[in-house]
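Q: Each chain is listed here by its residues.
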Amino acid sequence: MEATFNSIIAAAAPLIIATMGETITEKSGVINLSLEGSLRLSAMTAFAIAFWVGNALVGFAAAAAVGAAIAAIIAFSSIRLKLNQIAVGFVLTLLAIELASFLGDSFVGERGPRVPPLPIPILSDIPFVGKVFFDHDLVVYFSYVAIFATWWYFYRTRPGLNLQGIGERPEAAFARGIPVNMLRFWYTVLGGAMVGIAGAAYSLDVKLGWRETLTLNLGWIALAIVIFGGWHPLRVAFGAYLFGALQVLAFQLQDVFPGVAQVLPIAPFPLMILALVFVYSDWFRRIGDRFPKMRNLLGSEAPAAMGTVFERE
Amino acid sequence: MALEIRDIHKRFGPVRASDGVTFTVEEGSLHGILGENGAGKSTLMKILSGFYEADSGEVVLDGEVLHLRSPADAIDAGIGMLHQDPLVFLPFTVLDNFALGSPGSMRLDRKAAEAELMRVSGELGFEFDPERLVRDLTVGERQQLSITRLLWLGARVLIFDEPTTGISASQRIQLFDTLRTLAAGGMIVLFVSHKLEEVEALCDSVTVIRRGKVVYEAEMPVASETLVEKMFGNVFVEEERTTVPLGDAMLRVEAATLSEGTTRIEGLDLGIARSEVVGLAGLEGSGQRTLLRACAGLIQPESGSLSVDGIELTRASYREHLAAGVHYLPAGRLEEGLVQGISIAEHLVLASDDTAFFVDWKAADARAGEEIDEYSIKGLPSSAAEELSGGNQQRLLLAMIPDEVKLLLLEHPTRGLDVESAAFVWTRLLERRNHGTATVFASADLDELLNYSDRIIVFFAGSVFAIRTAAEIDGEELGYLIGGKVRA
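So the protein lines, in turn, are chains A and B. Just so we're aligned, residue 1 is where the first sequence starts under my numbering, counting upward by one. Just so we're aligned, residue 1001 is where the second sequence starts under my numbering, counting upward by one.
Only chain A is shown next, with the shape it has when bound in the complex (with noise of 0.2 Å):
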């Protein structure tokens, strides 16, 4: 039981990450769709320079600089451009991915550094909690900090607060003085690079090595998990878990029914789908309603002025 539990809290970990880069770069108002290549170009880089430089940390970076470059072109792209985001986050999804299976070629099946286990001394010797939580490595508690500090700049802090604005309305926020164009290229870039950890977190830590379906669907998953997270870094979290619950449980059950082996792999993908429909219900929005403390949490919103261009006119 603690060893399963352990292991889901590890198995999500890059998808928080990644997941509250995507959240940051949405509630500022611009979509990177980019994952699904983002994800598998910095974890197949994080691999090839980790692999040549002997050090996982460097592969880190560079993955984090891989994910913040393919973020900067589609901000770039749609802030001084004018183009479309969705379009471009699917071209450099597609182009990333066939960049990755070309570049990655020759890494498959190599051994490279990986990240080392770190239990932090006491806390992991509580019962239970101490296991499950405290007996990782500096990626699974990277993961917790991003959840806290990303909830705690969006609802606790003045930037935070302006964040939101941009991403609502941000002729509104730029009455007021904020710089949205600015401001959203850099939270892009921001977002991007979280994106390029959790790659890195996938080949250096969770899976170890370079294969093409290392991060496969994780991308697309990540996208689903934001939206399913209604924008609200806690409840983002809560989805990544669920998923992550969803696979290990996947995994394990292939030894109990191993006549649906093939079939329980894929089996988080429609529940995912059957959670989004369940988010979005009436049911679920009149719960909202009746507990206004908890409006951020329950609401399914989206950032109203997400995937738009900003002009001055």
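One or more of the hints may lead you astray.
Stated by the list, open to error - A short list of chain A residues far from chain B (calculated; beta carbon distances all over 10 Å):
| no. | residue |
| --- | --- |
| 1 | Glu-98 |
| 2 | Leu-138 |
| 3 | Pro-159 |
| 4 | Leu-161 |
| 5 | Ala-173 |
| 6 | Phe-174 |
| 7 | Ile-178 |
| 8 | Tyr-241 |
| 9 | Leu-253 |
| 10 | Gln-262 |
| 11 | Arg-286 |
| 12 | Pro-292 |
| 13 | Val-309 |
To be verified - Derived, one-sided and incomplete: chain A residues facing chain B with beta-carbon distance under 8 Å:
| no. | residue |
| --- | --- |
| 14 | Ala-65 |
| 15 | Arg-80 |
| 16 | Arg-158 |
| 17 | Ala-175 |
| 18 | Gly-177 |
| 19 | Asn-181 |
To be verified - Label pairs and their computed distance ranges (CB to CB):
| no. | chain 1 | residue 1 | chain 2 | residue 2 | range |
| --- | --- | --- | --- | --- | --- |
| 20 | B | Ala-1461 | A | Leu-94 | 51 to 61 Å |
| 21 | A | Arg-312 | B | Ala-1218 | 28 to 38 Å |
| 22 | B | Glu-1127 | A | Glu-311 | 32 to 42 Å |
| 23 | B | Asp-1129 | A | Arg-312 | 32 to 42 Å |
| 24 | B | Ser-1463 | A | Leu-216 | 26 to 36 Å |
| 25 | A | Phe-278 | B | Arg-1264 | 22 to 32 Å |
| 26 | A | Gln-252 | B | Gly-1332 | 46 to 56 Å |
| 27 | A | Glu-98 | B | Arg-1135 | 36 to 46 Å |
| 28 | B | Arg-1135 | A | Asp-125 | 23 to 33 Å |
It should be emphasised that the hints constitute simulated quantities derived from the structure, not laboratory data. Keep in mind the model is a prediction, meaning the values are calculated, not measured. Beta carbons: idealized from backbone N, C-alpha and C, even for Gly.
Following the hints, complete the assembly by docking chain B onto the known chain A.
A: Frame of chain A; chain B shown alone:
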């Protein structure tokens, strides 16, 4: 302290939106900026508030030349602008709207912000629940929140761009009181409007702008005729009220219960005759829209019946209503009435009942040209809907109404239009009335209701509060009824 505007020029392509505008406003003054739609008022105000950069010219406040490159610069200089549609964040709370964009430390101290909100709004006599969502506030309350915020940030000059659009009569009175108090307290208040009567009622001095130029400056009061002449270049005479004899019943609503959202109209009986004009009065959201939408077939009555010219339409769809000769013009011209991105000619093709598979674009352009002439639309057959001004959008919508309409339903038919366009709209509507069309229109403009209606239905708190014929009601009584009071 004085605000001086010196020789401001601003061009958009070939259009000179500001063409050497110069004037000065002294402190403690409530100054009207008057001009018809498209005269260049908004451009000038957006330059003052940093939204646009002027091509040339200077803005001087209190002897200091301002460099207004962005709204941040304008706010720093103490110039605040209230936009026609208050620029607030609907899903956020009142408190977050207040604090968003304000200077201060990294950590947002909501307790301190709330204390400031309460202090400043208390001084102005406004009341807010900080935890309420701004979505649930009326347009008037959103304005009050914006005013509170701008004053808190230290505004010395406040610009109000058409602030009475979309607010109720009582909120307008409150707004005007606030503006007077602010001016009396030593601020510079610019009141931008195309509504003569508001400028006359409120302002100490006025600048009239026409085609990007200052054409007239004066201390109030000034004769209305003078202002109208300066605004339009020709004197516009208000039409005498005309009536035609009413025909037999056109719309018949019996024991109908209509509900939509929080609005619920119960047991409504209403008969409207051929050639009758019925005005729907009431505060925004009192049920007028629900009745119009029910008559248009957009919502179905829960019980009761509805028929048009003897055709039973109680459970009929919107299409069946259209086929029966019902036509609805909603308030959101660009959102609900027109399609953004498509041209005048394309709109007219969409609206026509021609069912041929291929469109004859030559003929369509020719027809669009005719309609543009007939309805005096300022635009080309190829102009997209969103390029047209509000008045021209309404003209296009009028041109799209089929020839044979039995029941015409209109929501705020002249909201946001200048006097000339409003008069044009009504001339067209009355022509149709003369040919037997029954007209039902909702309006927040008391004069419009009194001028054109044969009967006025007053809504209050989601139900029909009173029905009066035009002959037995005057503006004062109508004002009372809209406020939910019966004059003693």
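Q: Each hint should be assessed against the structure and marked as holding or not.
A: Quick rundown of the hints versus the structure:
The beta carbon of A:Glu-98 sits about 34 Å from the closest Cβ of chain B, which is more than 10 Å, so the claim that it is off the interface holds. The claim that A:Leu-138 lies off the interface holds: its Cβ sits roughly 26 Å from the closest Cβ of chain B, which is beyond the 10 Å cut-off. Residue placement check: A:Pro-159 does not keep its beta carbon more than 10 Å from all beta carbons of chain B (closest about 7 Å). With a closest Cβ-Cβ approach of about 5 Å to chain B, A:Leu-161 is found to fall inside the 10 Å limit, against its non-interface label.
At roughly 7 Å, the least C-beta separation between A:Ala-173 and chain B is not larger than 10 Å, which violates its mark as non-interface. Annotated as non-interface, A:Phe-174 brings its C-beta within 10 Å of a C-beta of chain B; the closest such distance is 6 Å. Non-interface call for A:Ile-178 relative to chain B: violated, since the shortest CB-CB distance, roughly 5 Å, does not exceed 10 Å. With a cut of 10 Å on Cβ distances, A:Tyr-241 stays outside the contact zone with chain B, its closest approach being about 26 Å.
Every Cβ of chain B is farther than 10 Å from the Cβ of A:Leu-253; the closest lies at roughly 41 Å, confirming the non-interface assignment. The beta carbon of A:Gln-262 is kept farther than 10 Å from every beta carbon of chain B, the shortest such distance being approximately 44 Å. With a least beta-carbon separation of about 14 Å from chain B, A:Arg-286 lies farther than 10 Å from that chain, consistent with its non-interface assignment. Remark: the non-interface label on A:Pro-292 conflicts with the geometry, its nearest Cβ contact in chain B lying 7 Å away (cut-off 10 Å).
With 10 Å as the threshold on Cβ separation, the claim that A:Val-309 sits away from chain B holds: the shortest Cβ distance comes to roughly 15 Å. The closest approach between the C-beta of A:Ala-65 and any C-beta of chain B is roughly 27 Å, which is over the 8 Å cut-off, so the hint fails. Interface restraint check for A:Arg-80: the shortest CB-CB distance to chain B comes to about 17 Å, outside 8 Å, so the restraint is violated. Annotation: interface hint on A:Arg-158 holds; nearest CB of chain B at approximately 5 Å, less than 8 Å.
At its closest, the beta carbon of A:Ala-175 sits 5 Å from a beta carbon of chain B; the interface hint therefore holds under the 8 Å criterion. The interface hint given for A:Gly-177 is met, as the beta carbon of that residue sits about 3 Å from the closest beta carbon of chain B, less than 8 Å. Taking 8 Å as the C-beta cut-off, the interface hint given for A:Asn-181 is violated, the closest approach to chain B being about 11 Å. Range check, B:Ala-1461 to A:Leu-94: Cβ separation about 57 Å, and the 51 to 61 Å hint holds.
In this structure the supplied range 28 to 38 Å holds for A:Arg-312 paired with B:Ala-1218, their Cβ-Cβ distance being about 34 Å. The given range of 32 to 42 Å is respected by B:Glu-1127 and A:Glu-311, whose C-beta atoms sit roughly 37 Å from each other. The given range of 32 to 42 Å is respected by B:Asp-1129 and A:Arg-312, whose C-beta atoms sit roughly 34 Å from each other. Range check, B:Ser-1463 to A:Leu-216: about 59 Å between beta-carbon atoms, so the 26 to 36 Å window is missed.
At about 30 Å, the CB distance of A:Phe-278 to B:Arg-1264 agrees with the hint of 22 to 32 Å. The hinted window of 46 to 56 Å between A:Gln-252 and B:Gly-1332 holds, with their beta carbons roughly 55 Å apart. Range check, A:Glu-98 to B:Arg-1135: about 45 Å between beta-carbon atoms, so the 36 to 46 Å window is met. Hint check: B:Arg-1135 to A:Asp-125, Cβ distance near 49 Å, so the stated range 23 to 33 Å is violated.
Against the hints set out earlier in the document, violations occur for numbers 3, 4, 5, 6, 7, 12, 14, 15, 19, 24 and 28.
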